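> Below, each chain spelled out in residue letters.
Number of protein chains: 2
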Amino acid sequence: MSQALRFALGQKDIPTHWYNMLADLPEPMPPPLHPGTKQPVTLQDMTAIFPENIVMQEMSPERNIEIPEEVRDIYALWRPTPLLRAVRLEKALNTPAHIYYKYEGVSPAGSHKPNSAVAQAYYNKQAGVKRLVTETGAGQWGSSLALACRLFGLECTVYMVRISFTQKPYRKSLMQTWGANVFPSPSEHTEFGKRVLAQDSESPGSLGIAISEAIEDCVKSKNTKYALGSVLNHVCLHQTVIGQESIKQMEQAGEEPDVIIGCVGGGSNFAGIASPWVQRKLAGKKNYKIVAVEPTSCASMTKGELRYDFGDTAMTTPLMMMYTLGHDFIPPKIHAGGLRYHGMSPLVSHLYKLGLIDAVNMPQTRVFEAAVTFARSEGLVPAPEPSHAIAAVIDEAVKAREAGQKKVILFNLCGHGLLDLSSYDAYLAGKLTD
Amino acid sequence: MSQALRFALGQKDIPTHWYNMLADLPEPMPPPLHPGTKQPVTLQDMTAIFPENIVMQEMSPERNIEIPEEVRDIYALWRPTPLLRAVRLEKALNTPAHIYYKYEGVSPAGSHKPNSAVAQAYYNKQAGVKRLVTETGAGQWGSSLALACRLFGLECTVYMVRISFTQKPYRKSLMQTWGANVFPSPSEHTEFGKRVLAQDSESPGSLGIAISEAIEDCVKSKNTKYALGSVLNHVCLHQTVIGQESIKQMEQAGEEPDVIIGCVGGGSNFAGIASPWVQRKLAGKKNYKIVAVEPTSCASMTKGELRYDFGDTAMTTPLMMMYTLGHDFIPPKIHAGGLRYHGMSPLVSHLYKLGLIDAVNMPQTRVFEAAVTFARSEGLVPAPEPSHAIAAVIDEAVKAREAGQKKVILFNLCGHGLLDLSSYDAYLAGKLTD
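Sequences listed follow chains A and B, in order. Each residue of the first sequence is one higher than the one before, starting from 1 at the first, in the numbering used here. Each residue of the second sequence is one higher than the one before, starting from 435 at the first, in the numbering used here.
Derived from the structure by calculation, the hints contain no laboratory data. Computed from a predicted model, the values in this text were never measured in an experiment. Backbone N, C-alpha and C define an ideal beta-carbon position, used for all residues, glycine too. All the pointers check out, no bait thrown in.
Listing some non-contacts, in silico: residues in chain A with all C-beta distances to chain B over 12 Å:
no.	residue
1	Pro-28
2	Glu-52
3	Lys-125
4	Lys-286
5	Asn-287
Pairs of lysine-lysine residues, derived as BS3-like cross-links and limited to a Cα-Cα distance of at most 25 Å, are as follows:
no.	chain 1	residue 1	chain 2	residue 2
6	B	Lys-446	A	Lys-248
7	B	Lys-602	A	Lys-431
8	A	Lys-91	B	Lys-446
9	B	Lys-559	A	Lys-91
Using the sequences and the hints, build the whole thing.
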């Protein structure tokens with residue numbers, strides 16, 4: 001009989017509810033503030049860009065929020081995702097640690113992002129919205145929203161940072177295959193884009209510029225709303241299917257994790273795996289060590305400060321209480337495009353402030369060293385983002401070896417790297433720096 | 435309660451044996467012949483390039499061949515693969531047909547190819563081989579063998595058709611990430627490659643040239659064997675895990691298929707899904723319609739003839755009784771690189787000759803129309819190869835609608851198209867021809 005390596009669940013095990021971490025916080029989160037009045041934002045403030053049902057969810061105190069059947073039916077295309085035991089990595093590291101990973105790369109877009117994109121498209125459809133508009137850097141979120149809009153019959157417009165549009169064309173092609181309109185940003189489609197192009201017709205663009213274009217497009221158009229792929233409470237909420245499934249699967253494996261690890265950019269995949277475990281920690285089940293891993297070059301928690309800041313460069317969003325490097329911080333062009341964000345989800349920031357989670361940062365070359373170690377032992381090629389988590393996992397596993405201690409480690413492998421292979425090329429050619 | 439859309443199995447449901455179709459053929463297959471003597475090849479002939487344990491398997495009359503535990507442990511990384519009901523495609527086609535698909539794209543290489551690559555690497559490792567050498571066109575097979583060699587600690591050398599090496603660099607990067615040596619073919623590493631380059635230093639290469647280089651490298655080197663990714667009996671055998679799982683999963687779904695469909699190039703993914711169903715057909719369970727779908731531009735069964743022919747252009751392989759367009763046929767440069775082969779697996783050829791399976795062909799633009807229809811209704815982006823199967827599925831579903839008939843269709847979605855997005859670009863830009 002083979003060793004148990006794969007912990008699979010059936011369609012009936014897809015969670016029926018999302019878990020709302022806000023319901024169990026020992027101390028409430030500071031509210032987002034209106035940038036003009038500095039007063040807590042109201043439902044009315046938010047409905048300029050989001051439909052009311054999503055804003056209600058963003059502010060909901062309810063612990064368990066039912067997942068609509070239509071959303072679960074689409075989740076069934078890739079969920080429940082597998083939990084795997086990384087025995088070959090354990091062997092390569094010669095560690096007594098047991099390493100488990102939750103693998104979200106089986107979704108059609110190759111990452112965890114569709115967990116929220118599908119939910120957001122559903123609620124916008126319910127609210128009578130006809131078109132969603134968003135921005136994307138390397139394209140993980142844009143492609144996921146393109147997919148979700150297609151499945152619910154919504155139009156989708158994506159402002160994609162121009163340098164990615166040109167240099168990493170595959171995710172653009174993916175969005176177009178799913179029928180989205182993709183504009184390189186800065187574009188001629190918005191006043192803001194035109195202004196940027198007037199100053200520099202060769203502008204490579206930035207996420208900040210793309211957000212501004214997407215929001216301008218949204219507020220100027222009829223039946224159109226904006227969608228965000230991370231940071232906000234409702235996005236973190238939708239991702240909790242990851243953590244809930246992982247609890248069932250670790251029970252199947254017959255082990256309790258000691259350490260739970262995820263990478264953080266805006267924070268949604270991390271919140272997704274961590275929240276249900278934080279709930280158990282708060283309930284006294286076990287004092288799990290829960291670690292968020294950020295890039296050294298864009299380390300909002302370990303190098304930034306906790307204060308009210310804007311979510312975007314153009315200062316159009318509400319002020320949020322979060323760890324931030326400053327809304328005008330331009331992150332270096334690391335290959336983990338999904339982690340290039342100046343701030344941190346207010347929820348994840350709050351958990352960190354309360355001491356419920358830890359944070360570390362990892363430099364780019366160590367991240368790719370970890371990625372290649374994982375690919376060459378386990379087989380799956382991880383995306384650059386979760387490779388930050390892998391680097392931290394390896395550290396924990398090596399510590400366990402040195403201490404001669406069995407330790408159970410769980411991490412979220414939130415996406416595969418098949419659309420990021422050019423960054424592996426750069427690493428293998430010795431061209432990557434930190 | 436949601437509709438049942440996903441039929442999942444656990445690690446314990448990974449088949450324990452491969453199913454050997456040869457054991458149940460109503461009439462034996464004509465043997466491969468030595469190209470010089472025209473006598474049936476012997477074990478000694480074959481062991482020049484394959485290890486003895488694989489040659490034994492190639493010729494085995496045993497019905498059920500045990501899958502080694504080490505191979506099943508690696509299968510557990512992606513197997514059992516899911517069976518899904520394509521309700522959104524059914525709705526898009528307004529058909530009473532029920533459409534099911536077996537999804538092999540969840541493997542680390544994104545296709546069914548690792549099912550055989552892992553088995554071949556295992557047997558070579560057992561035989562004391564240190565290095566495997568192979569050829570690859572677009573790179574599906576090469577990347578799968580690179581992965582498998584890495585997992586068993588073998589070196590891997592891949593001769594990759596130069597035009598793919600240059601134009602489609604992602605699968606090359608994947609092979610290198612897994613540690614393989616990848617040479618653009620024709621190369622300076624073999625006498626044959628040098629000869630081709632002397633005649634044309636800009637040669638784009640071909641699969642025929644790459645095979646010749648790989649075989650030359652193999653026979654000239656110590657502790658080195660050759661591996662093939664399709665066509666041969668043992669490769670078809672390894673792929674039968676697909677069909678066996680699909681039988682269990684259709685039982686879970688509570689339906690018997692009327693029609694079973696797969697694409698064919700060399701024939702291995704088709705043989706993999708079809709063989710276990712052919713066994714049931716021969717046992718009188720049901721008269722399944724089993725359809726192999728080939729590209730119109732490279733249609734060995736529907737346009738070629740059944741005769742002894744070489745497997746490669748350079749006439750170095752044994753003569754095999756198969757449907758062929760001639761070993762010197764140069765297939766047009768269609769985007770389904772995996773189907774660009776002049777011949778057909780002798781096993782699949784034999785099943786066709788015996789009338790146990792049907793064959794149709796599909797032109798490239800219809801294939802991509804089907805691919806986009808599938809991607810936009812179901813969400814998953816199919817590779818160009820299985821999109822041939824999808825085009826045939828759509829035909830069957832439309833016929834069912836016209837006849838007002840419920841029909842149950844099962845097909846093999848043998849890989850995703852995330853490394854083939856440039857061909858989607860070409861199609862969406864109206865640049866594809868038949």
